[in-house]
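J.: Residue numbers (our numbering), protein chains in the order written: chain A, 1 to 182; chain B, 1001 to 1256.
It is worth saying that the hints were derived from the structure and are not from the lab. This structure is a prediction, so every number in the text was calculated from the model and none was measured. Among these hints, one or two may not hold up.
To be verified - If you want the footprint, here are the derived chain B segments under chain A, 3+ residues with CB under 8 Å: (1) 1035 to 1041; (2) 1046 to 1053; (3) 1130 to 1139.
Stated by the list, open to error - Negatives, chain A to chain B, calculated, CB over 10 Å: (4) Glu31; (5) Arg44; (6) Val46; (7) Pro65; (8) Val69; (9) Met71; (10) Pro94; (11) Glu111; (12) Phe158; (13) Gly159; (14) Ser160; (15) Cys172.
Positions of the beta carbon are idealized from the N, C-alpha and C atoms, including for glycine.
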Amino acid sequence: MVEAVSSLDARTARHGLDAVRRVLATIPDPEIPVISIVDLGIVRGVEWQDDEALITVTPTYSGCPATEVIMADIGRALTQAGFAKHRVKIRLAPAWTTDWITAEARARLTEFGIAPPGAGSVATARVIDTTALHRGVVRAAVPCPRCGSTHTRELSRFGSTPCKAQYRCEDCLEPFDYFKPH
Amino acid sequence: MTSDRMVFDYLLRLADSDLVLAQRLGEWVGHGPVLEEDIALTNVGLDLLGQARLWFAYAGEVEARFAGAGRSEDALAFSRDGGEFRNLLLVEQPNGNYADTMARQFYFDVWHQLLLVKLAHSRDARIAEIAAKAEKEVVYHAERSADWIIRLGDGTDESHMRIQAAIDDLWMYTGEMFDPDETETMLAEEGIGCDVRTLAPAWREAVGSVLDEATLTLPSGTWMQRGGKHGVHTEHLGQMLATMQWMQRAHPGAQW
Chain A
1 MVEAVSSLDA
11 RTARHGLDAV
21 RRVLATIPDP
31 EIPVISIVDL
41 GIVRGVEWQD
51 DEALITVTPT
61 YSGCPATEVI
71 MADIGRALTQ
81 AGFAKHRVKI
91 RLAPAWTTDW
101 ITAEARARLT
111 EFGIAPPGAG
121 SVATARVIDT
131 TALHRGVVRA
141 AVPCPRCGST
151 HTRELSRFGS
161 TPCKAQYRCE
171 DCLEPFDYFK
181 PH
Chain B
1001 MTSDRMVFDY
1011 LLRLADSDLV
1021 LAQRLGEWVG
1031 HGPVLEEDIA
1041 LTNVGLDLLG
1051 QARLWFAYAG
1061 EVEARFAGAG
1071 RSEDALAFSR
1081 DGGEFRNLLL
1091 VEQPNGNYAD
1101 TMARQFYFDV
1111 WHQLLLVKLA
1121 HSRDARIAEI
1131 AAKAEKEVVY
1141 HAERSADWII
1151 RLGDGTDESH
1161 MRIQAAIDDL
1171 WMYTGEMFDP
1181 DETETMLAEE
1191 GIGCDVRTLA
1201 PAWREAVGSV
1211 LDEATLTLPS
1221 GTWMQRGGKH
1231 GVHTEHLGQM
1241 LATMQWMQRA
1251 HPGAQW
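Okay, chain A solo, but in the shape it has when bound:
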């Protein structure tokens, strides 16, 4: 009998967590609203602790001003959805990486005009090459999100948000943002 009750609780709890996850998946990134905070890969855990929903978030860049907005958005969305008892916890390690951005979100970034982060190039860059800091990294071409050309050029390593660089397509001549691999 006791077992039956606890498994029922477990099932209710699981349904509850699914509902919490669905709410989180509706919260857009404040600066790149075509993807949600779940797509961005910053939601690292959803669980019940005591009788409140505990959401674990790993922020993107240390100084990203969107982080505080996201925290407030999570609180608001969960309260509105009826999950008044919740807590958001920040976890730094392992550090956020663009590898956590979902494939579907990458496609949506491209549609929005932002070249999604390439895979693998960070690993090379992260080993400090002391013999040639400047020449250590060979970057793969970043395809233009509009015309697909790989004939593109970096204008600046920093762009409109901490996570993006500015590029220009040398074929269609459009400037575009590149979500930097991180």
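Chain A is fixed; fit chain B onto it per the hints.
T.: Chain B alone, transformed into the frame defined by chain A:
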């Protein structure tokens, strides 16, 4: 035996260098030579400010262990006097011209990255996780400032002359980065901090190879300024803090 007081002091050094350099870079807002540079400098500043906040937050928690109560990030940033700041002398130097700003950044970035790579293995889990996160950001800073050193050095006669002058002028502030005091030595021995002496060969090699490519000369001076770690600063820090802190000084505890 290391104490919480020592760890607190060490965290302030990490936080203060980030904060002071972030403030300096912020002074470029609206003054960058081109829009992209304005944005880039302030993005680097934003990263450093974010890192400073992580260090300050932890410093406040450590302070609570020995002082009963720990100060907030804001209290640490806005309510300490110059003599209580523990940043490197290098980062408080004025922006000067673009070559001065980039030379300062380059010297710091290479050191910063090497340091964070080491601190990412600290026995103190919190230090390790902040360092691992920060290091990913600093990779971009170091690459960018190295690019600029090469661009200016291997550029026009004028840009070459200016960047060489900046590299030479700031050289005397680089010694402090590799000169541990008792606190650092003890924390390094316990695997919490980093023995900065071990960073010197890699730093010299990286800086030297970039200067080489930039057709610039690595300065050979051996006389170095020191004092930042113990609160003995150049005249520039006080002036910078007067601008940075005036709001909280005039209206203590004011909230945005």
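J.: Hint by hint, say whether it matches the structure.
T.: We went through each hint and held it up to the structure:
Three residues within the 8 Å Cβ limit are the bar, and the region 1035 to 1041 of chain B against chain A gives 4, so the coverage statement holds. With 7 residues carrying a beta carbon less than 8 Å from a beta carbon of chain A, the region 1046 to 1053 of chain B meets the three-residue requirement, and the given coverage holds. A count of 8 residues in the region 1130 to 1139 of chain B with a Cβ less than 8 Å from any Cβ of chain A is obtained; the coverage claim is therefore met, three being the minimum. A:Glu31, annotated as away from the interface, keeps every beta carbon of chain B farther than 10 Å; the closest lies near 13 Å.
For A:Arg44, the shortest C-beta to C-beta distance to chain B comes to about 13 Å, beyond the 10 Å cut-off, and the non-interface label holds. For A:Val46, the condition that its CB be more than 10 Å from all CB atoms of chain B holds, with the nearest at approximately 21 Å. In this structure A:Pro65 is not separated from chain B by more than 10 Å, as the shortest Cβ-Cβ distance comes to only about 8 Å. Separation of A:Val69 from chain B is adequate, the least Cβ-Cβ distance of about 14 Å exceeding the 10 Å criterion.
Look at A:Met71: its CB is around 14 Å from the nearest CB on chain B, clear of 10 Å, so calling it non-interface holds up. Its closest Cβ contact with chain B, about 8 Å, brings A:Pro94 to no more than 10 Å, contrary to its assignment away from the interface. The beta carbon of A:Glu111 is kept farther than 10 Å from every beta carbon of chain B, the shortest such distance being approximately 25 Å. Non-interface status of A:Phe158 relative to chain B is broken: a Cβ of that chain comes within 10 Å, the nearest being about 4 Å off.
Residue placement check: A:Gly159 does not keep its beta carbon more than 10 Å from all beta carbons of chain B (closest about 7 Å). Non-interface call for A:Ser160 relative to chain B: violated, since the shortest CB-CB distance, roughly 7 Å, does not exceed 10 Å. Under the 10 Å C-beta cut-off, the non-interface status given to A:Cys172 relative to chain B holds; the minimum distance is some 20 Å.
Checked against the numbered hints given earlier, the structure breaks hints 7, 10, 12, 13 and 14 and satisfies all the rest.
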